[in-house]
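Colleague: Protein chains in written order, with my numbering: chain A, 1 to 343; chain B, 1001 to 1323.
Treat each hint with caution, since some may be false.
[Said to hold, decoys possible] Listed below are the simulated DSS-like cross-link pairs for lysine-lysine, each with C-alpha atoms no more than 27 Å apart in a straight line:
| no. | chain 1 | residue 1 | chain 2 | residue 2 |
| --- | --- | --- | --- | --- |
| 1 | B | K1317 | A | K169 |
| 2 | A | K234 | B | K1317 |
| 3 | B | K1017 | A | K234 |
| 4 | B | K1317 | A | K253 |
| 5 | A | K234 | B | K1127 |
| 6 | B | K1017 | A | K169 |
| 7 | A | K330 | B | K1127 |
| 8 | B | K1133 | A | K330 |
[Claimed, not checked] Restraint-style ranges between C-beta atoms, simulated for each label pair:
| no. | chain 1 | residue 1 | chain 2 | residue 2 | range |
| --- | --- | --- | --- | --- | --- |
| 9 | B | I1250 | A | A113 | 56 to 62 Å |
| 10 | A | G286 | B | K1017 | 53 to 59 Å |
| 11 | B | V1239 | A | G244 | 53 to 59 Å |
| 12 | A | A198 | B | V1239 | 39 to 45 Å |
| 13 | B | L1025 | A | L45 | 45 to 51 Å |
Keep in mind the hints are simulated off the structure, nothing from the lab. Think of the CB as a built atom: it goes at the ideal place given N, C-alpha and C, for glycine as much as any other residue.
One-letter residues, chain by chain:
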Amino acid sequence: MNITGTIHPAAQKNPAKGRKLRNVGTTIGIVIILIVWLVPTIGLLVTSFRPVALINTTGWWTALDVNNGPASSQNLDPDATYGDKLKTRFTIDNYVDALTGYRGSGTYRQACASGTKPLGMNCDLSDLLNPRGMGRAFVNSLIVTIPSTILPIIIGLFAAYAFAWMDFKGRYVIFALLVGLQVVPIQMTLVPVLRMFAGMGINGTFPAVWLFHTGFGLPYAIYMLRNSMSSLPKELFESAYLDGAGHWQIFTKIVLPLTTPAIASLAIFQFLWVWNDLLVSLVFLGGQKPVMTYQISNMVTSLGAGWHLLTAAAFLSMLLPMIVFFALQKYFVRGMMSGAVKG
Amino acid sequence: MATATKSPTPTVMRQGKVVPWLYLLPALIVMTVFILYPLVNTVGLSFSNKDGTASAATTCTEGQPCWGVFENYRYALTAELDMKDTQSIWSSFWVSSYGNMIKWLLVMVTGTVGIGLIFAVLVDRIKQEALAKSIIFMPMAISFVGAGVIWKFVYNFGTSQVQTGLLNAIVTSLGFQPVAWLSKIPLNTLMLIVVGIWMWTGFCMTLLSSAIKSIPEEIIEAARMDGAKNFDIFTRVQVPIIAPTIVVVITTMVINVMKLFDIVYVMTGGNFGTNVIATRMYTEMYTNSQYGRGTAIAVILVLFILPFIVMNIRRFKKQEAER
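From just these sequences and the hints, can you work out the full model?
Modeller: This is the structure we're talking about:
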């Protein structure tokens, strides 16, 4: 879906924004909205660093009040300064336990220090790859996401070039069909593909997810890349052609370099989409190769995991998208402008 | 199709009949296998029994209403309804997946577009615009699952005297009883919609904001000269000018809301009357292994979305014509 018809690109950068009104009402309105938007996430972040005893007995907003909560989580030394007391009220144990998948009654570090290894663990770095932990899920998420991002872009580039700069019968009709396919709900295709994968015996393997994400990412990828490519000036192609370049040379030497910004936007989009996806991983990978979203949804629905693990795990899963988002926001927004978000 | 002739292809460049298809082939194969074929297959399955081995008509039971080969559609459309009398149909409809979808559509689309629009206009006037916008936009980058955890914690219903969920802490400090936000009908669906609004407002805001910025400054200045206040400029100048963008944003949101799955799945699992179409379909397919019923629900979902697919293609045609 494209909205560039209503937005003039030149007008987007508007340095001559003459008046920045300083209006009290405006500022208050904005601040209220911002607080509502930020506070839930801050709550999660603060909670993920609190010991489990405190999470269950006091609200996260009292985190800096050192005197509440059960005695076990307090520094009772009468000479302790505020800073000393505060130290006992924050911990990284939740992250260690979430990463290793520790589910015992204490903490992973306590258990290992006491000499009795927790079930199925070695108390060394290999525990980070424990199948139940978020460390392993992080690796799985990466294995799912990287090929699922690269494949549709490569295949899409070729198709987009053909749609933008080649003449063939049915070009317009096929492309219109593709525009329609962008909004087909993913649910429509899950069952037949699942049965097809079962026939091929690849359910529960990474290639199954790669293939599915590639197929589903393609309409949007082609649409976006084609829009970007067809906005290149025609003369460029004509002069290159007259100089004796064929389609292949024009595609690799001229079009690809000039399409890099669009490829970057698309890559970020597809990356975030696949990374954040739950449904596809749930259906095709399930518990066999758990990704981060799967592990978290499992922790939510099963009663076993407490808030301390859940908040840490959720924050771990957001870390990479947040970094990508804040580092590459420009491309992210541009990508969104050239096509609506799919799903 | 006059637009098709307005192709950007340079006339001097000619290629054989085969070359374009070589470029297209990988994409066409993948899309056929993973989108087109499944689409057709899904429609077929929706007329079959639970594992696709016989017609849906065979699943009818004696003495019960039966729609023959459309039996799965009968189930998909009426199973959630309490058919005793008009009153019970009406009340059960509003907690069915269809009733919930209407609630989602009304509240979430209004919420995201409304807040997004207001924020886009407000933020246009302050210095820290970029920062403010990225805060609103940030939830777009995280997963629905992550958002589900964040908000489940906000809505947490304590078991003892202690309320560690923010919302109940506020409610109890005001002297009220704590509320089980996620299991109390019909409040819970509203609470889920709040999460959706939190996640998607940034999307609407960004699109609307850039439309607002594309309005030439002179028009706003002229209105101001004529004595228009900020509010008048907003309602009489800015909103009418960006109306086409608002329509695009609304249709995009409608499609997104109808397909919505993750928030409900993570936060309530569709229990306590919060099912939407996508979660119900998931339950039929994977929890109950009822492929026929599940695919029938999927087809119904596509029928709801179909008008918007057509709109999409129409708009694409119009854009191409204007190129």
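Colleague: When the hints from earlier in the document are held up against this structure, which numbers fail?
Modeller: 4, 5, 10, 12
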